[in-house]
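Order-wise, the sequence lines are chains U, X and S. Counted the way our numbering counts, the first sequence spans residues 61 to 426. Counted the way our numbering counts, the second sequence spans residues 23 to 318. Counted the way our numbering counts, the third sequence spans residues 419 to 709.
Hints are computed from structural coordinates only; laboratory data are not their basis. What you are looking at is a predicted structure, and each value in this text was computed from that prediction instead of being measured. It is possible that some hints are incorrect.
As the list claims (entries may be wrong) - In silico lysine-lysine, BS3-like type, Cα no more than 25 Å apart, as pairs:
(1) 200(U) <-> 160(U)
(2) 302(U) <-> 426(U)
(3) 430(S) <-> 119(X)
(4) 121(X) <-> 120(U)
(5) 212(X) <-> 200(U)
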Amino acid sequence: MKITLDHLTKRFPNRAKNKPDVIAVNDFVVEIPDGKLVGLLGPSGCGKSTVLNLICGLLKASDGRIFFDEDDVTNIPAEYRGVGIVFQNYALYPHLTVEKNIMFPLENFKGKDKLTREEMKKRALEAAKLVQIDQLMDRKPAELSGGQQQRVAIARALVKQPRVLLMDEPLSNLDARLRLQTREEIRRIQRETRITTIFVTHDQEEAMSISDLIVVMKDGVLQQIGKPQQVYDDPVNLFVAKFLGTPPVNVFHGCIRAGKLYVGEDAILLAPGMADQEVWCAIRPEGFTVDAAGPLRCGLSAVEIMGRDVSVVATHPALDSVQLRAIDPDARRMDDEADAVRFAIDPEKVLLFSKADETRIRCELK
Amino acid sequence: MENRSWKGWLYLLPAFLFLGVFMVYPLIDVFIYSFEEGYNSASQTAYGVGLYNYEYVLRDPYFLQAVKNTFILVAITVPLSTLLALGISLGISSIPKLKELFQTIFFLPYVTNTLAVGLVFMYLFDLTDVTPGLINVILGLFGMTPIDFIDGPYWARMLVLCLYTVWIVLPFKILVFTSALASVDETYYKAARVDGTTPGRIFRKVTLPMISPTMFYLVITGFIGAFKAYSDAVALFGENLNVAEMNTIVGYVYDMLYGEGGGYPSFASAAAIILFVIVLTITCINLLVSKKHVHY
Amino acid sequence: MSNVMDFDRIEKRAKRTALLRNIVIYGLLGLWAVIVLFPFYWMLLTSVKTQGAYASEIVPQLFTLSPTAENYLNVFTEADLGRYFFNTIVFTVLTTVAMLAVTVLAAFAFARLDFPGKNAAFVLFLALMMIPGELVIITNFVTMKTAGLDNTFLGLILPSVSSVFYIYLLKENFAQIPDELYYAAKVDATSDLKYLGKVMVPICRPTIVTILILKVIECWNSYVWPRLITDDPKMFLVSGGIQNIRESGYGRDNIPAMMAAVVAVSVPLILLFLIFHKKIMAGVARGGVKG
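Start from the sequences, fold in the hints, and give me the full structure.
What follows is the structure, encoded as structure tokens:
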């Protein structure tokens, strides 16, 4: 099912008296297509969980509308929206077995939707099989590992065949190894059920790796929506560029002079036809190649080799941060005792942003 | 540790002195008293050891009356006050505003003097030559004939005693229930709501199991407290409870020690030990039941 | 499924049920608030009616236009309420101070010091928490009477000093203070007693205040022990005093004066409660028991 958020706004009264309201979600306009896995991404406190709660109906919108397909559900209470939700702490009922937990939503059906005991058990078992916990049906939540609890929570959300599946930080309570495994699992379950799924996360890697679409938010304002790779390659502003990618993008104070892009004293690329101006110059780690004749002259701090990855840690006077980090597999053979290193720069991996408002400056670099 | 020394006992000395003299020694002594026959408190001598004190107490019509009264009081006030407190706490926790105001008001009886406020209750229910009492006036509005709640029929006096007891014990129960309800993770309710659970079902399937440990704690302490009822009865019916047929087991113990019927610590001890055994039995039954029904 | 839903109707119905629910809940809570508050209002009201006015009301009036303070005057002069107040204040202050000293020292020993037999002592100590007061009061009565301490302050106070529960409460609080603070003080050559007074007690002040208030309430309302150990009305506390005024016939005859006494007895604690209600309620919720 398609979800449309039309100028959605949520204001909370300020705790301090006589202060303006806190705007958690500001004029949010997004269309989420049917059957996709969507990652809602942003730093903590950016309002992403508020968006989730608004879609779910646990919070009431201050302004704007929410549509499920053509239905306006803005003022419909949560119980009538037909959504399934997985909470960050799973909210499994500790006194009920796995089976009873999964059956819980089915027992609420009324009237002609009412199911017999056998039908409920059958559907619970189907949902449990889908998330591969059907052999744990008689356990209580306290006897399960974190990953298993997570699966039970997903099964409980799916068992009533919701129109939308919502997940609030689904992986944050799991340890690192389980996190990798579980996110693949979420991907698989979503593919199998084809239910429009929105999950909230502050971990960009998590969102990038499994989402069909990512929605990037900051301070309650939508920044960008798109396919993960497309948003990564073509961010609309410096915030999005910085937020996506590990290691993060390296940001320099740069300027354009006479058709050349300078970083400090180094003219690293040609920028034909550009007016002279100060810019933020952001270079992805994979945009650097160690090259004795390269234009970017840096001080070498360290060469870190971790399995397949080789990263070069270096300094540069025009850098906005303390150090830059470049990823270049060929740097494995370089002299890590040297004081200096020079890089050639891949123009495809360089992004320019306005110094004034940090929006993207699109241009052709060579 | 290097400063492991006997000095710690020095700090404990006052506490242990007080506890030893006023708790440990009396605990042993009370058993001795209860088996000493014909103890004379003036000469502090007894002429035998045996079960006579228990026999006497168990045959004493005043004691049997006290046991009957206490059991009726327990049977009525424990369930009534627990359910009322639960209902009120649910109400408090479900309203958006004025929570704290209601909580504070409802707690007020806890800090009041049982004897003093009991007098107010007595006057409100008392039927005298001058006035039928406010409660009777109100009942009169519904067409009922005035009842003498203080000196009248047994059931009427018991009713007032129960009502006053409930009024006195509710604040503690409301407070404990309210904090138990507040500590239930709110996401359980959110999850249940998204699943379209009706409020009644949320209460039965989520809230009740979650607060069941608190529930049993309150039932157990409620039983213990109600079995020890005494001052509320004094407040309503005066110190001569045997005459008013409103004595409780604890009241009987004190009457055996003191006042007109007093001077019999042996009988008092026997009665106190019988009470202790009753309370212990009920508490054990409670614990067994709660093992079965408290969910985690 | 989505198409057959009438969204407008669902929305309206949800609003209506929520409103109705709130009205019912506020109504019931309000009703209980009236039941709780009414006795207080009634005693206050009656205490400012003249005896004549009260006696002439066959149907009690719920307000009065001519309040009088005369009853308060009477009950302090004709009955011995002033003495009961004095006794209770002396009893409360002395008991609370003694309790506090004993409690702080014992809690300190259990929480901070290490000494032979500490664990056994603590287990024994916890076991004492389960002893019902009704069992030990009998021997205490005989002990105090034999010692000739009936009708004395000492007799009133001594059995009320130790409280297992408060020692336990404070010990738990003391134990939360990090060990490093103690070692740091030791390095600076601070004595144990000074550390207790200068560091632990100030840090745990909220708990100590809570214990103090709870003990004051307990003392002010105590009835059973004072009633046993005193039979001389000159030594009565307020609870026993109220009962005495009532049994002596004065209360039955002069109900407004009786109510004035009840108000006077209740006001100190109600004031204390209004000032400290958060502390008191938090303290009681942590496992306080009445009496």
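Hints and how they fare:
no. : hint              : in the structure
1   : 200(U) <-> 160(U) : holds, 9 Å
2   : 302(U) <-> 426(U) : holds, 23 Å
3   : 430(S) <-> 119(X) : holds, 23 Å
4   : 121(X) <-> 120(U) : holds, 22 Å
5   : 212(X) <-> 200(U) : holds, 20 Å
Checked against the numbered hints given earlier, the structure satisfies every one of them.
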